[in-house]
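**Student:** Residues per chain, in single letters:
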Amino acid sequence: MTSRTPDLAAPAVCVEHLTVVRGRTRAVDDVSFELDSGTLVGLLGPSGCGKTTLMRSLVGTQVVSSGIITLLGETAGSPGLRDRVGYVAQVPSVYGDLTVRENLSYFATILGAPSDAVERVLADVDLDHHAGSIVERLSGGERARVSLATALLGSPSLLVLDEPTVGLDPLLRRSLWSLFHRLAASGTTLLVSSHVMDEAERCERLLLMRDGRILADTSPEGLLSSTVTEDFESAFVALIEGEAPGTGDGVLGDGEGRP
Amino acid sequence: MSWRRTRATAGRVLRQLRHDPRTVALLVAVPAVLMGLLAWILHGRDHDFDTFGPQLLGIFPLIVMFLVTSVATLRERTGGTLERLLTMPMGKADFVFGYAVAFGLAAIIQALVVSGLCFGPYGMAVRGEAWLVVVVAVLDALLGTALGLSVSALATTEFQAVQFMPAFILPQLLLCGIIVPRTELPSVLHWISYLLPMSYAVDATQQLSTHAAVSNQFVVDVIIVAGFLVASLALGATTLRRRTP
Numbered sequence: 000m001t002s003r004t005p006d007l008a009a010p011a012v013c014v015e016h017l018t019v020v021r022g023r024t025r026a027v028d029d030v031s032f033e034l035d036s037g038t039l040v041g042l043l044g045p046s047g048c049g050k051t052t053l054m055r056s057l058v059g060t061q062v063v064s065s066g067i068i069t070l071l072g073e074t075a076g077s078p079g080l081r082d083r084v085g086y087v088a089q090v091p092s093v094y095g096d097l098t099v100r101e102n103l104s105y106f107a108t109i110l111g112a113p114s115d116a117v118e119r120v121l122a123d124v125d126l127d128h129h130a131g132s133i134v135e136r137l138s139g140g141e142r143a144r145v146s147l148a149t150a151l152l153g154s155p156s157l158l159v160l161d162e163p164t165v166g167l168d169p170l171l172r173r174s175l176w177s178l179f180h181r182l183a184a185s186g187t188t189l190l191v192s193s194h195v196m197d198e199a200e201r202c203e204r205l206l207l208m209r210d211g212r213i214l215a216d217t218s219p220e221g222l223l224s225s226t227v228t229e230d231f232e233s234a235f236v237a238l239i240e241g242e243a244p245g246t247g248d249g250v251l252g253d254g255e256g257r258p
Numbered sequence: 000m001s002w003r004r005t006r007a008t009a010g011r012v013l014r015q016l017r018h019d020p021r022t023v024a025l026l027v028a029v030p031a032v033l034m035g036l037l038a039w040i041l042h043g044r045d046h047d048f049d050t051f052g053p054q055l056l057g058i059f060p061l062i063v064m065f066l067v068t069s070v071a072t073l074r075e076r077t078g079g080t081l082e083r084l085l086t087m088p089m090g091k092a093d094f095v096f097g098y099a100v101a102f103g104l105a106a107i108i109q110a111l112v113v114s115g116l117c118f119g120p121y122g123m124a125v126r127g128e129a130w131l132v133v134v135v136a137v138l139d140a141l142l143g144t145a146l147g148l149s150v151s152a153l154a155t156t157e158f159q160a161v162q163f164m165p166a167f168i169l170p171q172l173l174l175c176g177i178i179v180p181r182t183e184l185p186s187v188l189h190w191i192s193y194l195l196p197m198s199y200a201v202d203a204t205q206q207l208s209t210h211a212a213v214s215n216q217f218v219v220d221v222i223i224v225a226g227f228l229v230a231s232l233a234l235g236a237t238t239l240r241r242r243t244p
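Protein chains in written order, with numbering that gives the first Met the number 0: chain D, 0 to 258; chain Z, 0 to 244.
Any given hint could turn out to be false.
As the list claims (entries may be wrong) - Quick list of in silico lysine to any residue cross-link-like pairs, SDA-like style, CA-CA up to 25 Å:
{"id": "1", "chain 1": "Z", "residue 1": "Lys91", "chain 2": "D", "residue 2": "Pro78"}
{"id": "2", "chain 1": "Z", "residue 1": "Lys91", "chain 2": "D", "residue 2": "Thr69"}
{"id": "3", "chain 1": "Z", "residue 1": "Lys91", "chain 2": "D", "residue 2": "Gly79"}
{"id": "4", "chain 1": "Z", "residue 1": "Lys91", "chain 2": "D", "residue 2": "Thr74"}
{"id": "5", "chain 1": "Z", "residue 1": "Lys91", "chain 2": "D", "residue 2": "Val90"}
{"id": "6", "chain 1": "Z", "residue 1": "Lys91", "chain 2": "D", "residue 2": "Gln89"}
{"id": "7", "chain 1": "Z", "residue 1": "Lys91", "chain 2": "D", "residue 2": "Ser77"}
{"id": "8", "chain 1": "Z", "residue 1": "Lys91", "chain 2": "D", "residue 2": "Arg100"}
{"id": "9", "chain 1": "Z", "residue 1": "Lys91", "chain 2": "D", "residue 2": "Asp82"}
{"id": "10", "chain 1": "Z", "residue 1": "Lys91", "chain 2": "D", "residue 2": "Asp127"}
{"id": "11", "chain 1": "Z", "residue 1": "Lys91", "chain 2": "D", "residue 2": "Pro113"}
{"id": "12", "chain 1": "Z", "residue 1": "Lys91", "chain 2": "D", "residue 2": "Ser46"}
{"id": "13", "chain 1": "Z", "residue 1": "Lys91", "chain 2": "D", "residue 2": "Arg83"}
{"id": "14", "chain 1": "Z", "residue 1": "Lys91", "chain 2": "D", "residue 2": "Ala107"}
{"id": "15", "chain 1": "Z", "residue 1": "Lys91", "chain 2": "D", "residue 2": "Gly95"}
{"id": "16", "chain 1": "Z", "residue 1": "Lys91", "chain 2": "D", "residue 2": "Val62"}
{"id": "17", "chain 1": "Z", "residue 1": "Lys91", "chain 2": "D", "residue 2": "Leu167"}
{"id": "18", "chain 1": "Z", "residue 1": "Lys91", "chain 2": "D", "residue 2": "Ala184"}
Calculated from the structure, these hints are not laboratory results.
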């Protein structure tokens, strides 16, 4: 692996009072958190809670309303981060009319990745046998893995993965999570979103999100013990019910009186 | 801007075309058939095909390339690949010029085949150099690509993108001098026609039809078309946004 030495003194991700207004909705509402280098962090919450907007803000594709985001010591979206941060959007963003290998070779050239990167990421996501297939003819899960492989090409220090395991069979999901753990062990910071609460147990740390706000910033064990529940689904429900009354729907002007 | 990334992008677009042979066939066949139809319509009417042929030889590729490019760029936008590229160390100019190089190569093949048919079996003749007609046809096709790239930024859906063709191209077609010579247009429209690139594209081929030697006006026309080409490529690059709401 050619991963760059992370600056261990500074957190990999530092978000301060991030707010993103989309239309009339506060998609992200005054969110602050820090992520240490080499950790595997789960961003969990229901569909539409602002996970994607938060992730797009991190990788610099989202117009943000206010707040400061620092990644690997640089402001989010700055040119110096473009080959150090890998992003996988929820919709597989690869060329459907090219083969898997053609896609990866193209993105590898754009990233300036070494020539063996394509074979490495094909093995990482278990797509060696489909390298010559046209992406359009693959299944949804396979396409998602091509998109994931693309983000791994440049051996980024920070990986932002938006629902990378949706629709995958359990075996494959397990193998991807073990890949994520291997990457974290080698110093990569990963922020992985999911709307499936059970994926919480695979993370080292959890950010639980609802209506644009972070409900809890904890560890899987911490979440279960603090909510006195046995599974993550119930823990999430307990967290929401435990919130102060008047939990809004995130509409502008409804940001007062919350804990 | 980096030549490595521009070349990689051009190569990728050409590879996409290679996987879609029907589109490539249409790119060449549509203008070829249209020119054949025109030759047939004007058959036996003195030198009408020699007058209209070279003019439309530049316009048909322009329209085809405009459409193909706007759809291709819109696909990159809606498919998320453009966003992904812009999170990578990809220059906006790399993207735009990559497309221009790839479609430019396609335009050269298109222009060679279609003008070969026109000067051969269709029996078109010009007083000037035939190869310059090919050059103008390629330039016009590239202009279509460049206009498509800059305009597609305004479209958010496929329905809009397709309608930009009649919105941006048909007015130019009406004012470029094919239907009524530009000097005979009402004076306001005559002045507007000076602002439209297609006027110069058509005038350049007219110069080739009527002058045996390369006229000064031809050189001016070509320079202006090239200027519009570069300007709309630059505009296309500036309308790409790394951050979206």
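**Student:** With reference to the structure, classify each hint as holding or not holding.
**Tutor:** For each hint, the structure was consulted:
Of the supplied pair hints, the one linking lysine 91 of chain Z and proline 78 of chain D holds, its CA atoms being roughly 12 Å apart against a limit of 25 Å. Using a Cα cut-off of 25 Å, the hinted pair lysine 91 of chain Z and threonine 69 of chain D holds, with the two alpha carbons roughly 24 Å apart. Of the supplied pair hints, the one linking lysine 91 of chain Z and glycine 79 of chain D holds, its CA atoms being roughly 16 Å apart against a limit of 25 Å. A hinted pair counts as satisfied when its Cα atoms are at most 25 Å apart, and lysine 91 of chain Z with threonine 74 of chain D qualifies at roughly 20 Å.
As the CA atoms of lysine 91 of chain Z and valine 90 of chain D are separated by approximately 22 Å, the hinted pair is consistent with the 25 Å bound. Distance hint between lysine 91 of chain Z and glutamine 89 of chain D is fulfilled; the C-alpha atoms sit about 23 Å from each other, no more than 25 Å. Straight-line distance between C-alpha atoms of lysine 91 of chain Z and serine 77 of chain D comes to about 15 Å, which keeps the hinted pair within the 25 Å bound. Distance restraint check for lysine 91 of chain Z and arginine 100 of chain D: the Cα-Cα separation of roughly 24 Å lies within the 25 Å cut-off, and the hinted pair is therefore satisfied.
Taking the CA atoms of lysine 91 of chain Z and aspartate 82 of chain D, the gap is near 16 Å; set against the 25 Å cutoff, the hint holds. Only pairs whose Cα atoms come within 25 Å are accepted, and lysine 91 of chain Z paired with aspartate 127 of chain D is rejected, the gap being roughly 32 Å. For the proposed pair lysine 91 of chain Z and proline 113 of chain D, the alpha carbon gap of about 23 Å is at most 25 Å, so the pair holds. At roughly 32 Å between alpha-carbon atoms, lysine 91 of chain Z and serine 46 of chain D are farther apart than 25 Å, so this suggested pair is violated.
Our distance criterion of 25 Å between C-alpha atoms is met by lysine 91 of chain Z and arginine 83 of chain D, whose separation comes to about 19 Å. Between lysine 91 of chain Z and alanine 107 of chain D the CA atoms are separated by roughly 17 Å; this keeps the pair inside 25 Å, and the hint holds. As the CA atoms of lysine 91 of chain Z and glycine 95 of chain D are separated by approximately 22 Å, the hinted pair is consistent with the 25 Å bound. Under the criterion of a C-alpha separation no larger than 25 Å, the hint pairing lysine 91 of chain Z with valine 62 of chain D is consistent with the structure, at around 18 Å.
The hinted pair formed by lysine 91 of chain Z and leucine 167 of chain D fails the criterion: a straight-line CA distance of about 34 Å is larger than 25 Å. The suggested pairing of lysine 91 of chain Z with alanine 184 of chain D is violated, with an alpha-carbon distance near 35 Å, which exceeds 25 Å.
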